[in-house]
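Undergrad: Line by line, the protein sequences are chains A and B.
For the first sequence, the working numbering begins at 1 and goes up steadily by one.
For the second sequence, the working numbering begins at 1001 and goes up steadily by one.
Treat the hints as calculated values from the structure; they're not laboratory data.
All residues carry an ideal CB built from backbone N, CA and C; glycine is no exception.
Treat the hints with caution; some may be incorrect.
[Claimed, not checked] Example chain B residues on the side facing chain A (calculated, C-beta under 8 Å, incomplete):
1. Lys1030
2. Arg1041
3. Ile1326
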Amino acid sequence: MAAPDRAPGGAAAVPDGGGADPLPTGRGVELLLLGFAAVLVTSALVLVQANQERELSSTLLYLGAAYLALFTGAHLAVRRFAPFADPLILPCVALLNGLGLVMIHRLDLAEAARAAALGRDIPTALTGRQVAWTAVGLVLFAVVLWAVRNHRLLARYAYTAGFVGLVLLALPGLLPSSLSEVNGAKIWLRLGVFSIQPGEFAKILLIIFFAAFLVQKRELFTTAGRKVLGMELPRARDLAPLLVAWGLSVGVLVLERDLGTSLLFFGIVLVLLYAATERVSWLLIGLSFFVGGALIAYQLFGHVRTRVEIWLDPFEDFYGAGNQIGQALFGLATGGVGGTGLGAGRPELVPFAATDFMVSSLGEELGLVGLAAVLVVYLVLITRGLRSALAVRDSFGKLLATGLAFTIALQIFVVIGGATKLIPLTGLTLPFLSYGGSSLVANYALVALLLRISHAARAPLSRPQPRAPIASANTELVERPK
Amino acid sequence: MNTPVRRIAIAVMAMIVLLMANLTYVQVVKAGEYRDDPRNRRVLLAEYSRQRGQISADGQILANSVETDDELRYQRQYPDGPLYAPVTGYFSTVYGSSGLERAAGEVLDGSDDRLFVRRLSDLLTGRDPSGGSVVTTIDPAVQRAAFEGLADRDFAGSVVALDPATGAILAMASTPSYDPNPLADHDPAVQTEAWEAYNAAEPPVLVNRAISETYPPGSTFKLIDTAAALQNGFDPSSPLTAASSITLTNTNTDLENFAGRPCGGGSTTTLREALARSCNTAFAQLAEALGEQTLRGQAEAFGFGLTDLRVPMPVAGSTLGEIPDIAALQQSGIGQRDVRVTPLQNAMMVAAIANDGRLMAPYLIREIQDQQLTAIDTTEPDQISQAVPAGVAQTLTDLMLGSEERTQGGGKIPGVQIASKTGTAEHGADPKNTPPHNWYVAFAPADNPRIAVAVLVEDGGDRSLEATGGSRAAPIGRAVIEAGLRSTS
């Protein structure tokens, strides 16, 4: 974000009544970068196979080609439905997704080897399912691009989205445990053969709702209340939406025992409020709510206290509750700066290596260097999303893009920070990298919306207006974009 | 609303930077600590995939790895497990490692720099990488005498035997011991069962008493008083009190001789007589006369306060503790109060006296061999300090001969002159009713010492209140010396 004003295709770069010089769409760049991602992912797969002393055959190249074909499909969908979309977002996502697949395959090999050594049945490989989920995700991606021709239309369905989102969020908490509980967290809908986490989809729907709601009621929130310490506080009655969000977060925490979603949800609402009102006071009020909620949760819930104790010293109870973090730290440390090499470490020693602790698997085998690179890819993805928010002309689009991009940021912060003992562990997945169908599919929908908004931001203004002499033109009131 | 979005972007970047900084902390700053944590199985698992080197003593294998057909390709085995457990330690996929398995781990797994050339050629020729081997200084006959001396009597305790001229550790026993084999089993359930049993054992079995535990030295500390005295104006005939009991300076506490007996016939005795009879009152007086600084200096010259000593396993530091007043000085002078030593330290003390006052660094690894069992590094003896001048060492030897003469217990070796000192150290919250720790420190032959030993028997061995260093520890020490002299002659 060094120079947001030079955003390619940003508002500033579009000549008034544009269309004289068609702007480069960036689709060529996108395809080239997707090819680059395919080369990286295929190389990673070859390394895994070599280090695990498995056969190196031309099948690997076919797999790489299939991966490229899959994302070329996505690329074509973008080319067709959002030709001016940001060219970096899709390659970033493709690279993360591909790297995740390689790592999940690598953990499959480890689990199979361990099961064979212990004489147990070899567990079902996760890679196949994740590839299937990737395909489903990309289909949804194309469908969203096709169905949502203009992101502003979404604002019309704000209340519907909010209601559905709320139901999805609350559903697992209200259903009996047999239908909603996996590994102690009640965040699932168990639908026979497969399970989904409705919270992942609720996240997007609620962002749509909040963005639209805040744009509609913006005036309300900026109405000044009392002034304290040079800060304008909002009126007490305007605090209601924040209180509702806070209450929902606490509800999620209590009913679903899901610290991560609770935190994520509240963080996003807070940031959207801040972006809509430009008031720092909202942030401070929100943070004090958060601190209050955290303190109450710490007092009331044993599982929250346990999390905090583990965070303070995971090695105290290494063979018990602290095992996950302890093992993750050992894995990261064993990887060190350069990593053990893909396929040459022992990432399977960390429980939930493919989901919550994907970061320690990557950190062990790719090292600090590899993890830093992954973080940079995420950073590019997020800043591209925020850049679209800056460049898009309508307030709803700005808020929506900000919310979507910030979700990814907050989520990786909470997940990576949790797995590396920066903050207490909460249990969320890394977008695109971790194993998990709901997260993957939902995040593809999220990226499709981001691309849609970035298309709106970069596309030339619709059809050149017939130029009338300035004097005879009707006076038009144009709101200055903030 | 672009301003807040820009600020949010900056906040996101700050979050990512924070994550990177934390990762750097974990993967760089704390990396070594976490990687070497014994609970981190990764290093062990990697090591199991290649052949680990062997640990041997005088041609006898203490630990080696043989090929198996399961996923962990090699099985570690210990032919004489409990006998050598304090030396080899254990090597477990679940519970980490100890002893030489840990301290010499880099040699055994082949990652030591001295094995670099070999490793490179393994890589180029496609040979399976394998580890180097460690040849210990242990003399199997001495080790067996030491272990059986304790174990056959069902004593908890430790024996350390040194070659006084070099510091080579000839025996290092700790009882009760454990068998490292189940901890190296490929079935984690077997490991867990053994681990839990070993950890629950009482007295503890996993601890290496020779180097990891410290005990009050009791009367064996009087050798240090005497060494200091001989360099500060005293000679063997200097007079000292013969009172059966004295009151500690500025207190109401009485300090008694053993069994409340006076030190010989008269009102005074000599330093020679006081050491031979191990009179507490005389040495309390002597310690007061010498002063804290002199005593500390002498103790340090014998190896007290070395906190980074490695053999290569780390050795717990021996210490005089705090000496706040004269009473404490008097008690410390007879090896009580807060004075604590490892059995190895006591062996080092007598070895230095045997070696004309030169204190040699103790070591357990004689030689490192590459994968073809060709020697690539040999330990050179290393002098730590001149603990006492050669003349003083000679006088001390002479006085210790007098002590041995008065020491009871069986196993005296005809024709061999042993220089020794016993110790019976009180400990615990109720010292008068807790069986004392028994010591015997000695070297032989007195005129040309070839072996120095320290024997510690915890809690009087059979938990008798009457146990003394002479009755419990001395017979074991003499048997060890006999084994040592027979095998080195």
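Undergrad: Each hint needs a verdict: does it hold in this structure or not?
TA: Outcome of the hint check:
The interface hint given for lysine 1030 of chain B holds, since its Cβ lies 6 Å from the closest Cβ of chain A, which is under the 8 Å cut-off. With its C-beta approaching chain A no nearer than about 6 Å, arginine 1041 of chain B sits inside the 8 Å limit, and its interface hint holds. The beta carbon of isoleucine 1326 of chain B is not positioned within 8 Å of any beta carbon in chain A (closest approach about 44 Å), and the interface hint is therefore violated.
Hint 3 from the earlier list is the only one contradicted by this structure; the remaining hints agree with it.
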